[in-house]
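So the chains spell out like this:
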Amino acid sequence: MNKMESMSGAKALMKAMEKEGVKQVFGLPGGANLPMYDEFSRCDIRHILVRHEQSAAHMADGFGRVSRKPGVCFATSGPGATNILTGIATAQADSAPMVAVTGQVPVAMIGRDAFQESDIIGMANPVVKYAFQPRTAAEIPETVKKGFFIAETGRPGPVLIDIPKDVQTNESEMIFPDEFKIQGYHPWADPDIVNVEKAIDMLLHSEKPIILAGGGTIISSAFAELQAIAEALMLPVVTTFKGKGAFPENHPLSLGPIGMHGHAEANKMMAEADCVLAIGTRFSDRSVGTFEAFEKRLKIIHMDVDPAEIGKNQTTQVAVVGDVRASLRIMVKLLLQKQIKKTEENTWIKHVKETKDYWKENLKLHPGEMGAAKLLRKLRELLPKESVVTTEVGQHQMWASLFYDVIQPGTFFSSTGLGTMGWGFPAAIGAKVAKPDVPVVDIAGDGSFSMTENSLATAVLEDIPVIVFLLNNSSLGMVAQWQRTFYGRRMNGVEQNHCPDYVKLAESYGAQGIRAQSIDELDKAIKTALSSDVATVIDIPIDPEEDVLPFVAPGTSLSDMILPS
Amino acid sequence: MWAILSILVENKPGILFKITHLFRSRNFNIDSISVGVTENPDYSKMTITTYGDEKQVEQIVKQLDKMIDTVKVEHLDEHKTVYRELSLFKIKLSNANDSMEINKLANAYGGKVHDVKKESIMVELTATPDQIQAFEELAKPFGIIDVARTGVAALQRSGA
Numbered sequence: 001m002n003k004m005e006s007m008s009g010a011k012a013l014m015k016a017m018e019k020e021g022v023k024q025v026f027g028l029p030g031g032a033n034l035p036m037y038d039e040f041s042r043c044d045i046r047h048i049l050v051r052h053e054q055s056a057a058h059m060a061d062g063f064g065r066v067s068r069k070p071g072v073c074f075a076t077s078g079p080g081a082t083n084i085l086t087g088i089a090t091a092q093a094d095s096a097p098m099v100a101v102t103g104q105v106p107v108a109m110i111g112r113d114a115f116q117e118s119d120i121i122g123m124a125n126p127v128v129k130y131a132f133q134p135r136t137a138a139e140i141p142e143t144v145k146k147g148f149f150i151a152e153t154g155r156p157g158p159v160l161i162d163i164p165k166d167v168q169t170n171e172s173e174m175i176f177p178d179e180f181k182i183q184g185y186h187p188w189a190d191p192d193i194v195n196v197e198k199a200i201d202m203l204l205h206s207e208k209p210i211i212l213a214g215g216g217t218i219i220s221s222a223f224a225e226l227q228a229i230a231e232a233l234m235l236p237v238v239t240t241f242k243g244k245g246a247f248p249e250n251h252p253l254s255l256g257p258i259g260m261h262g263h264a265e266a267n268k269m270m271a272e273a274d275c276v277l278a279i280g281t282r283f284s285d286r287s288v289g290t291f292e293a294f295e296k297r298l299k300i301i302h303m304d305v306d307p308a309e310i311g312k313n314q315t316t317q318v319a320v321v322g323d324v325r326a327s328l329r330i331m332v333k334l335l336l337q338k339q340i341k342k343t344e345e346n347t348w349i350k351h352v353k354e355t356k357d358y359w360k361e362n363l364k365l366h367p368g369e370m371g372a373a374k375l376l377r378k379l380r381e382l383l384p385k386e387s388v389v390t391t392e393v394g395q396h397q398m399w400a401s402l403f404y405d406v407i408q409p410g411t412f413f414s415s416t417g418l419g420t421m422g423w424g425f426p427a428a429i430g431a432k433v434a435k436p437d438v439p440v441v442d443i444a445g446d447g448s449f450s451m452t453e454n455s456l457a458t459a460v461l462e463d464i465p466v467i468v469f470l471l472n473n474s475s476l477g478m479v480a481q482w483q484r485t486f487y488g489r490r491m492n493g494v495e496q497n498h499c500p501d502y503v504k505l506a507e508s509y510g511a512q513g514i515r516a517q518s519i520d521e522l523d524k525a526i527k528t529a530l531s532s533d534v535a536t537v538i539d540i541p542i543d544p545e546e547d548v549l550p551f552v553a554p555g556t557s558l559s560d561m562i563l564p565s
Numbered sequence: 001m002w003a004i005l006s007i008l009v010e011n012k013p014g015i016l017f018k019i020t021h022l023f024r025s026r027n028f029n030i031d032s033i034s035v036g037v038t039e040n041p042d043y044s045k046m047t048i049t050t051y052g053d054e055k056q057v058e059q060i061v062k063q064l065d066k067m068i069d070t071v072k073v074e075h076l077d078e079h080k081t082v083y084r085e086l087s088l089f090k091i092k093l094s095n096a097n098d099s100m101e102i103n104k105l106a107n108a109y110g111g112k113v114h115d116v117k118k119e120s121i122m123v124e125l126t127a128t129p130d131q132i133q134a135f136e137e138l139a140k141p142f143g144i145i146d147v148a149r150t151g152v153a154a155l156q157r158s159g160a
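Read top to bottom, the protein sequences are chains A and B. For reference, each letter of the first sequence is one residue, going 1 to 565 in the numbering used here. For reference, each letter of the second sequence is one residue, going 1 to 160 in the numbering used here.
Any given hint could turn out to be false.
[To be verified] In silico lysine to aspartate or glutamate, DMTMM-like type, Cα no more than 20 angstroms apart, as pairs:
(1) Lys-23/A to Glu-381/A
(2) Lys-312/A to Asp-98/B
(3) Lys-312/A to Glu-136/B
(4) Lys-333/A to Glu-197/A
(5) Lys-146/A to Asp-65/B
These are calculated hints, taken from the structure and not from any lab test.
Work out the full structure, taking the sequences as your base and the hints as a guide.
In structure tokens:
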């Protein structure tokens with residue numbers, strides 16, 4: 001226990017955050033958080049100003065996913081707090097560590113419909129891992145410590161700390177505790193070795209086993225363990241979209257993401273497998289199609305840190321609860337102890353490789369020079385392997401899933417759970433803050449980028465040079481594709497009509513704008529952007545009629561792919 | 001199946017909202033709910049009864065257990081549990097015999113009679129939901145004017 005010091009709630013907040021190692025926050029000031037903002041001038045925490053609170057949350061989210069430490073965002077009360085909610089919900093859906101700090105009207109005004117009052121605790125509760133509202137200044141140090149602990153441990157997630165204005169200004173004797181207890185929170189479970197043994201046994205006795213790596217594999221950095229197991233047991237690896245890049249996508253055993261817009265070879269092999277080792281995944285409908293079809297034909301081994309995920313969407317035969325890296329380490333150890341290693345290629349692996357080769361050769365691509373596959377492969381060719389990529393939400397996101405291979409695990413991030421348009425660009429800014437020495441690229445579509453394009457101001461003024469790789473089909477492409485496919489080409493509300501001009505838009509913010517209308521121009525544009533010290537938007541006009549294929553229609557199974565004709 | 005869940009929670013404002021919201025957001029139904037502070041004022045105990053198949057009930061328990069404000073969540077075995085609900089029935093009296101008949105009925109179910117008026121009688125019954133349901137069926141012909149039920153409170157038997 002540290003000695004008591006007298007200070008205001010706002011100052012205690014800064015001090016508590018410094019103790020948690022916070023170096024920067026993303027936010028926007030307002031009336032109800034001004035006492036906290038006043039303290040930024042008296043502490044070492046950098047404040048990065050955003051133009052909309054939603055972007056502050058996405059930046060904190062991007063920072064959190066890359067650094068695996070909670071990103072911090074600030075908003076004022078009322079509309080500031082409600083604006084930040086979409087970003088909080090996004091982090092919750094993808095288990096990203098985040099601490100959101102909102103201002104609130106003074107305690108005595110709560111519940112009286114005061115100016116800019118909103119019941120943000122009530123609104124946020126369904127989309128946070130936990131929400132606090134300290135009612136006295138003295139509560140702040142312990143609240144912050146608990147908040148950061150909850151946000152980053154177990155299955156990570158967003159924590160909201162809503163602080164009434166008078167709690168920020170009141171002075172109190174503060175105790176900054178080193179220890180605390182949260183009775184109902186048990187983020188760690190030791191994986192059961194017996195169940196890991198059962199899992200090995202089940203994999204060894206299956207004819208067509210496969211690994212399905214989800215986002216939890218990335219969150220726990222279980223890359224080396226995953227690769228060791230795949231190579232030891234000669235298991236092909238598919239990922240969920242959130243797990244994309246958990247396994248190097250240039251590895252011979254990699255098949256890439258499964259799901260609605262998964263690789264044809266990944267969906268085919270997943271549909272043929274008889275046993276799956278599912279790691280850190282919630283079996284989203286976008287990944288596995290209809291739940292019933294999936295579990296009917298498969299033996300499922302499920303590893304997850306969250307016990308509530310076991311059996312939620314799929315019935316499992318073997319469950320291993322615990323941090324997936326710890327579980328996989330036990331598995332690696334057991335494989336070594338028992339000297340289990342398959343080196344010869346069996347019938348299943350041969351079939352997997354043949355299927356992969358077939359689809360790599362025969363998947364029909366857009367015939368034009370500016371087809372999505374060619375553009376994304378050019379990006380991959382020119383980006384160093386350690387570069388971090390985020391995506392917006394839409395067709396470009398799914399093309400990235402199909403055609404941008406992640407070579408270094410844990411360098412690809414997307415809004416996969418909530419599917420939040422506007423996520424990628426601010427998340428890229430947060431990612432660049434976390435990893436300033438590597439290139440950070442937002443693979444974007446014009447529709448999604450439009451939602452948070454004002455973050456260009458933050459990128460320029462705060463000197464955070466990220467690259468926006470903008471596949472511009474001048475429409476809400478994925479909605480347009482669904483209207484073409486399922487609604488008889490009745491195109492409503494999808495055309496963006498080349499507005500705005502993204503080169504001029506970038507320039508108006510003081511960023512660099514480059515239009516690339518050929519592969520040669522794109523080559524030059526990417527090289528220019530990579531050597532630039534200012535944020536760059538590469539505007540790449542593409543065919544508005546290009547579809548994302550293969551495609552598993554909603555409510556169908558992975559074996560029912562719509563393929564390019 | 002009908003399930004009785006006993007949930008020990010931190011005694012803080014807003015917990016009831018969080019628990020009931022969890023049921024709504026996860027698409028589970030609450031059949032009955034009762035809440036009261038325990039012998040330790042830091043904790044409250046909620047008893048929630050719900051319907052679902054085995055997998056659904058298991059999932060409800062896991063989701064409740066995951067909540068940071070829940071200290072302990074138990075799915076009680078109804079055969080090893082004492083569970084009771086309090087109910088109040090206001091019943092119409094149409095003729096002179098009704099009062100005597102309803103008294104007999106109340107006695108048969110271990111109920112107590114209150115507030116006897118010329119036109120109505122009130123019966124208090126503490127029993128299992130099944131017994132209360134059965135009483136209600138038998139009282140219906142007299143004319144039930146109003147009913148209030150508390151929801152189940154439950155404790156596991158010692159040694160169970």
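Now for the hints, and whether the structure bears them out:
no.	hint	result
1	Lys-23/A to Glu-381/A	34 angstroms, violated
2	Lys-312/A to Asp-98/B	53 angstroms, violated
3	Lys-312/A to Glu-136/B	38 angstroms, violated
4	Lys-333/A to Glu-197/A	11 angstroms, holds
5	Lys-146/A to Asp-65/B	19 angstroms, holds
The structure does not agree with the numbered hints 1, 2, 3 stated previously, though it agrees with the rest.
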